[in-house]
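*Asks:* Here's the letter readout for the chains.
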Amino acid sequence: MSVASPLLAVEGLTKSYGGIHAVRGVSFSLRAGEILALIGPNGAGKSTCFDMLNGQNKPDTGHVRLLGEDITARKPREVWRLGVGRTFQITATFATMTVRENVQVALVSHGKQLFNLFGSAPNFDRGEAGRLLELVGMGGYADRPCGELAYGDLKRLELAVALANEPKLLLMDEPTAGMAPRERVDLMRLTAQIAREKSIGVLFTEHDMDVVFEHADRIIVLNRGTLIAEGTPAEVRGNPQVQAVYLGEGLVYDARHRDGASA
Amino acid sequence: MAFYVVQFLTGLASAASLFLVASGLSIIFGVTRIVNFAHGAFYMIGAYIAFTLTERLSGAFGFWGSIVLAALAVALIGVLVEMVLLRRIYHAPELFQLLATFGLTLMVEDLVVLIWGPDDLVGRRAPGFKGAIDFFGQNIPSYDLFLIALGPVVLGILWLLFQRTRWGVLVRAATQDRDMVAALGVNQKWLFTSVFAVGVFLAALGGALQIPRDAVHHAMDLRIIVEVFVVVVIGGLGSIVGAFVAAVLVSELNAFGILIFPKISIILVFLVMAVVLIVRPWGLFGKPEAPARKTPGLTVNPWRPLTSNERLAALAALIIAATLPLFAGNYLLTVGSEIAIFVIFAVSLHFLMSVGGLASFGHAAYFGLGAYGVAFLAKMAGLPMIVCLLLGPLLGCMGAAVFGFFAVQLSGVYFAMLTLAFAQIVWSIAFQWVSVTGGDNGILGVWPEKWAASPSNFYWLALGVAALVTIALRAMVFSPFGYALRATRDSLLRTEAIGINAKRIQWTAFVIAGTTAGIGGALFAYLKGSVFPDNLGISLSVDALVMVLLGGVETVSGAVIGAIVYKALNIWLVSQTDLSKLVLGGFIMLIVVVFPKGIVGMLEMLAQRRRKSSPPGSPLLAKPIESAE
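Residue numbers (our numbering), protein chains in the order written: chain A, 11 to 273; chain B, -17 to 611.
None of these hints come from the bench; they were simulated from the model. Heads up, some of the hints might be wrong.
[To be verified] Here are the simulated lysine-lysine pairs, BS3-like style, with alpha carbons at most 27 angstroms apart:
1) B:Lys269 - B:Lys510
2) B:Lys171 - A:Lys68
3) B:Lys432 - B:Lys510
4) A:Lys68 - A:Lys178
5) A:Lys68 - A:Lys85
6) B:Lys269 - A:Lys85
7) A:Lys85 - B:Lys432
8) B:Lys361 - B:Lys432
9) A:Lys208 - A:Lys178
10) B:Lys510 - B:Lys563
11) B:Lys112 - B:Lys269
12) A:Lys68 - B:Lys485
13) B:Lys485 - A:Lys122
14) B:Lys361 - B:Lys510
15) A:Lys85 - A:Lys178
[Said to hold, decoys possible] Not the full set, but computed from the structure, chain A residues with beta-carbon under 10 angstroms of chain B:
16) Phe98
17) Pro132
18) Arg136
19) Gly140
20) Gln203
If you're wondering where the values come from, they're calculated on a predicted model, not measured in any experiment. Where is the CB? At the ideal position from N, CA and C, for every residue including glycine.
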């Protein structure tokens, strides 16, 4: 691991579905402790891009490197073992287990105790599970069935689960989707705080621009599979191409382009 | 050479009926998402009704008319079943749908015997296709040639039906997204009913067309359904072309398998199925399906270990059970031993099905393998009983390791069908490989040694082992492994995202469950003093499912209670009536429709309600399944 390697380096990621180029030659990098937002209109290729970072989806070409190590062909569970936690756009939790048990499963996996047949799971790393839940403000919900939680609480639980293996990198796919405005701000403030304290790199996709511009250190903008801008919130806000994409000129251009193609 | 050509043509002819039944199953699954276990039963009724009609109506017109009429009559029965039974369980978990249609199968088996008697019925030859054609000195029945032509014709008709009619368009649309079709204002109820009718018609036609080839008998339903499951697993559920190709493939494998492994030809089919599953788990022509429903049950409350009071109560119950020999006679003690053995069997399936979310429809395979393991060791190697009891279950363990490896690649209905097919393969081997297993005559004289021979001693042995097994599996539920297993049941996506190899966890659970079932089987061999192919038959697999379901599929201790209640009822019932399958089938459907939470689930709910002191009036009984999702 050379000192120069960034935490995450993405080089020339490309993915097509049939004739549709979902992602074309996307490259970017992320430093430890940095909060990077990946934004773009619907269908820009954000989710595809995202899923290729932890092995959920395989790129046609391109590489993903974690601290210099190529993890492009790894399975999600292997990427997790290397210190990458992730949350999902639609939360994925263990609905029939309690909130604490959800975190304990991740801790069991992290402690490599998955095939321990006769230990006591209710007491497994109970203290650590409690600390993680306190960290995301869910300490009071530890014994609640996960299936009963409100959506915002599920998102916070996912964050606690993602933090269970002391990750170096957090991938958060639309962490605040479906949440009330107040909850959004709280969750992202919490995430930012944790990231800075523990020097975790965070990459998140997001539709809510208030959330993005308030919390991201840097922003990359994706449009129709291509990276069109990169920079600080102020730089991106002032970028005419980004404005065009978000204020509708992109749509006009899009329509004209399509007319031209079909004619 | 000519011989091989004839063998090939025989295979093609067998494929016709198989294709009809499999395509019906596929069409029904595509639209309703129900795997209709009763499809084999409809096939069988088709054959029986066609037999009766062809005996009554004479002439060529009478014969062919009877075939079509029989299929139409069965389709009508299918409509009735769909409206009365299936409409109540469309939204239930798939396990419940499989069980309800299996209950129907059981009822039909007894009804058929009631109406047509238990003997094989040999039907008329088809007018115009009575002879055989000479092919370089080999005879090919001309009826086989008719069947060979029929397969592609039916495939063509179905293709036209689906591509060229409004109904076909709706069916294809519903197969892709039935919610969308409903949102577009299509009357879903009648679409489902008509699809079911068409599917059943195809099955009954397949059955009716068999009567010039094969005798009609009351076990033909299970034989065909297992083959059909194999066909749709290979071809891909929901694909008609897949059903056709796989039906031909399976029939040819059977036709030529007999030449290669005369005794155990089914091995060849198994090998091909295994290869297909590794390369394309969703079948040759199927599409990978997003996992739709997650849990085996309805809504599961988080589980907790027993409190110290509950532990004392369980211990007290065990002590009371241990005092049975003080006042009960030999017969009652034998019944007690059998119940204890079935507790072992039920908790082993519960571990796989409730904790792991993998509902095996062939769990008896590992029970029976344990029994055969003991029989081999005791009779052939002459080992002492203790050694046999310890080593016998290893055969169940090995079987579970091999079959489980393939089975856990799938989930949901595919998993259920595959485990059923595996169990049937093991059964066929036990049945056909007479030189080793004794075939239908079984292996006799597996008696316990002196120390365990008296009914009370054997009862204590069985009870002790059952208690140990139950405690061990319960401990595993609350072990780190148990948590991981429950996690794979709840969300595969999340388990993979936190570094868990879900397939390996599930495989381990499968092996644990299979080995435990093998322990039950080992004791069972000594209890009965013999081992028969029935010890790994389908009905035993279903017994296990019903025990878990009756106790409560979403509870931790349901399997124990379910096993005791069910086995006691079953033994009593068999002594009271000859129509035990009819009663049992009705009973299964009743639990599924009215009582889906099972005994322990109901008790837990009542206890919870009392704690919350909410007003009485159970919504569960009024709307059992609607509240499921």
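*Asks:* All hints are to be evaluated individually against the structure, with a verdict given for each.
*Replies:* Cross-check of the supplied hints:
1. B:Lys269 - B:Lys510: Given that 27 angstroms is the threshold and the Cα spacing comes to 46 angstroms, the pair is violated.
2. B:Lys171 - A:Lys68: With Cα atoms ~41 angstroms apart, Lys171 of chain B and Lys68 of chain A exceed 27 angstroms; violated.
3. B:Lys432 - B:Lys510: Within the cut-off at roughly 15 angstroms; holds.
4. A:Lys68 - A:Lys178: Holds, because 22 angstroms separates the two Cα atoms, which is no more than 27 angstroms.
5. A:Lys68 - A:Lys85: Given pair Lys68 of chain A, Lys85 of chain A holds - Cα atoms ~9 angstroms apart, limit 27 angstroms.
6. B:Lys269 - A:Lys85: OK: Lys269 of chain B and Lys85 of chain A at ~22 angstroms, within 27 angstroms.
7. A:Lys85 - B:Lys432: The given pair, whose Cα atoms are some 56 angstroms apart, is violated under the 27 angstroms limit.
8. B:Lys361 - B:Lys432: 16 angstroms, holds
9. A:Lys208 - A:Lys178: 9 angstroms, holds
10. B:Lys510 - B:Lys563: Answer holds: Lys510 of chain B to Lys563 of chain B is near 22 angstroms, not above 27 angstroms.
11. B:Lys112 - B:Lys269: Status violated; Cα separation ~42 angstroms.
12. A:Lys68 - B:Lys485: Holds: Lys68 of chain A and Lys485 of chain B sit about 20 angstroms apart, inside 27 angstroms.
13. B:Lys485 - A:Lys122: Cα-Cα ~16 angstroms, so holds.
14. B:Lys361 - B:Lys510: 14 angstroms, holds
15. A:Lys85 - A:Lys178: 17 angstroms, holds
16. Phe98: At 7 angstroms from the nearest chain B Cβ, Phe98 of chain A passes the 10 angstroms test, so the hint holds.
17. Pro132: Pro132 of chain A check passes; min Cβ-Cβ to chain B is 6 angstroms, inside 10 angstroms.
18. Arg136: The hint is violated - Arg136 of chain A has no Cβ within 10 angstroms of chain B, the shortest such distance being about 12 angstroms.
19. Gly140: At 16 angstroms from the nearest chain B Cβ, Gly140 of chain A fails the 10 angstroms test, so the hint is violated.
20. Gln203: 23 angstroms, violated
Hint compliance for this structure: hints 1, 2, 7, 11, 18, 19, 20 are broken, all remaining hints hold.
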